[in-house]
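J.: Here is how the chains run, residue by residue.
2 protein chains.
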Amino acid sequence: MKGLKGALMFAQSGGPTSVINASAAGVFIEGLNSELITAVYGAAHGIRGILNEDLYDMSKEDIKELERLKNTPSSALGSVRYKLKDASVDDTDYKRLLEVFKKYNVRYFFYNGGNDSMDTCNKISKYMANSGYEMNVIGVPKTIDNDLFGTDHCPGFASAAKYIATTIMEINLDAKVYDTGMICVIEVMGRNAGWLTAAASLANAKGLGADLIYLPEIPFDVEKFVKDVKEVCKNNNNKCIAVVSEGIKDKNGVLIGEVLGQAGARDSFGHAQLGGVGAMLSNIVKAETGFKTRSVELSLMQRCAAHCASKTDVEETFEAGKIAVRAAVSGETDKMVCYERKAGDKYEIEYKLLPLELAANTEKTVPLEWIINNGTGISEEFVKYALPLIQGEAELEKEDGLPRFARLNKVKVEK
Amino acid sequence: MKGLKGALMFAQSGGPTSVINASAAGVFIEGLNSELITAVYGAAHGIRGILNEDLYDMSKEDIKELERLKNTPSSALGSVRYKLKDASVDDTDYKRLLEVFKKYNVRYFFYNGGNDSMDTCNKISKYMANSGYEMNVIGVPKTIDNDLFGTDHCPGFASAAKYIATTIMEINLDAKVYDTGMICVIEVMGRNAGWLTAAASLANAKGLGADLIYLPEIPFDVEKFVKDVKEVCKNNNNKCIAVVSEGIKDKNGVLIGEVLGQAGARDSFGHAQLGGVGAMLSNIVKAETGFKTRSVELSLMQRCAAHCASKTDVEETFEAGKIAVRAAVSGETDKMVCYERKAGDKYEIEYKLLPLELAANTEKTVPLEWIINNGTGISEEFVKYALPLIQGEAELEKEDGLPRFARLNKVKVEK
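Top line first, the protein sequences correspond to chains A and B. Under this note's numbering, read the first sequence as residues 1 to 415, first letter to last. Under this note's numbering, read the second sequence as residues 1 to 415, first letter to last.
These are computed hints drawn from the structure, not numbers from a lab. Hints are supplied without guarantee of correctness; some may be wrong.
Since the list can't tell identical chains apart, any single copy or any two copies may satisfy a pair.
Listed below are the simulated DSSO-like cross-link pairs for lysine-lysine, each with C-alpha atoms no more than 27 Å apart in a straight line [stated by the list, open to error]: (1) Lys286 / Lys85; (2) Lys249 / Lys292; (3) Lys176 / Lys311; (4) Lys415 / Lys251; (5) Lys249 / Lys286; (6) Lys311 / Lys206; (7) Lys227 / Lys126.
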């Protein structure tokens, strides 16, 4: 569909990142400037906001605040985890979406999220096409996990990686400060793909990294882990920093956190201990070595630390939002924006479009040949891949020494 | 003692901070420029480095790297937790210290640390004076806990407070992103004084703070906590962010972490659960409300996040080191450098000297009248007090998008 005037609808989905709102800023600003676009709507809490007609009129926002979205973490419109059924099984939601799209004359729809969101986006795109409703649908990728297929990297990954590497450098200096034994176990996000955990190796490249790095791509063995830690301690003045993915699994594919949780730890209500796998492993090496141990979970900070975001990531993510609108307006549909890295030594990317069904159903993990040292280290290739992505400091405005994040009016559209 | 030529010795002690090395930079740079000072030594791992003659010759360092110390977290020389016995009970260590001071003609001694370190510094100062060895001793304060007596605030506190407030703002945006119930319990350092936990209220002042803030100054009741959380959830769309000090205690003064730890949770080895009190409380409210909960421990990051340090803190801390040297060289001894805030609306401090015995034995907690809302909130007075301290961004140099921390040669002094 090309040349049709109509409204733009944008929604955010899945776990937030430091920069997901940069894409929102790109979509809104480009949309407000486009001649074909008659209105710019943001849906509250992803697909659910469309189903419930909880919509914001983005033209009512101050342009300064929309620009501040570039450096505001989390999802400004609210997010959701909502899985659409297949339309062939139950098309209730699809019918409702079509009704809402028609009511507001939405002809340009953008969904911002990770794997599951691209699946949702793909289903909506196909349904609308089949139903004969003229609409262009473009997926805007985001995920700190960096596991989307078909793109060199994912918006949001680099800022999380930069925070993780920076923080590990700082922890490295802190954890080694005493002249006594000290084991530090740092837990990083990433259920199935180890990209974020591998980011620890960027700190290693600066000489202030981790001694051991465990990705979910390689089966994890608790006994081997204890042995690895003891070995490092022996050669390293009884000090060891280990970084583990929250998603490490045993050889049967069961999460180590579940294996250890079932093995015993209960809280005072009799529930399985909820602490992360890092804390559990830390307890085990403490018992095994007698050294002081500390477990550090990078928790929500790694996905929302906008104060430490990568400028490269922020700018690319902003651009991805703008590109999505330009593509839709020029007639593209059923695609996801993706990044292609140009050949050559100088880092440069090109924005491309990938069919949504390809993006939706494939998970990209860390190449096994990049995992070295018997599953405890990351090769130079990863550093070469990731280092260009974390360059530059995000230009986060400060007010009273604290971040000045966007303050939206969020003017509701009358139903 | 005044006008005596001799060597300078500096050592760091206690838990590190983001800016403890800024004082080191101040001491070293001022010392290297002083005509009375014949050599500048840094001791490895505090007092233990002196006892063992593990000393570094700081004149062998590149001045650029010494300047980079200003923005390098943790203790560059290494730290220690070592409590000197009273000289009247056992003077072995003191005799050894005197021996080392004499051997290297140390006439200016500086100890950088918190309460315990000022106690050590005080004991050494008194012993050397009594033994007739001419030496000027000055304590350089540091502690993220902000609990030293006689100073408006402590070097290191503001940077930790800035990190905590910034991070809570970011977590606030992240934790409220879904349209479902969510309780987040954030644990902050501070065993007896709630200054750092109170820093959450700086985020509140920006509208992105915590709903509940619990300091160790007020006895903590788990049942009341659960009631408080439920109340917030009821009025707030089933969302609540609570910040607790690691040092919260029950009405008998027992740490809540111990109370709950003893009540049940054991790991797979039968050891009491080691997770922080925040994780325990998070588990309890999860069981009580059924909502999704998340516990976040700011752990080592709050004391080493130099990438988010306060410029005001860095500059004051650097200056405190310089002032210490100038004071000692001009004949002062047995004192600690402290900050006095000038009257008036504009924030300005004056550097003063306080007798070491006063600094050593008193702990400053948060004024009880600043704790409001039935022990769940912090008054405007705290914000007025703390906000000027977190102003400005530390000028941390970057290399490849990551911090460029100081790299010292650490040239050992021949024994």
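J.: Mind listing which of the numbered hints don't hold for this structure, in increasing order?
T.: Hint check: 1, 4 and 7 fail, others pass.
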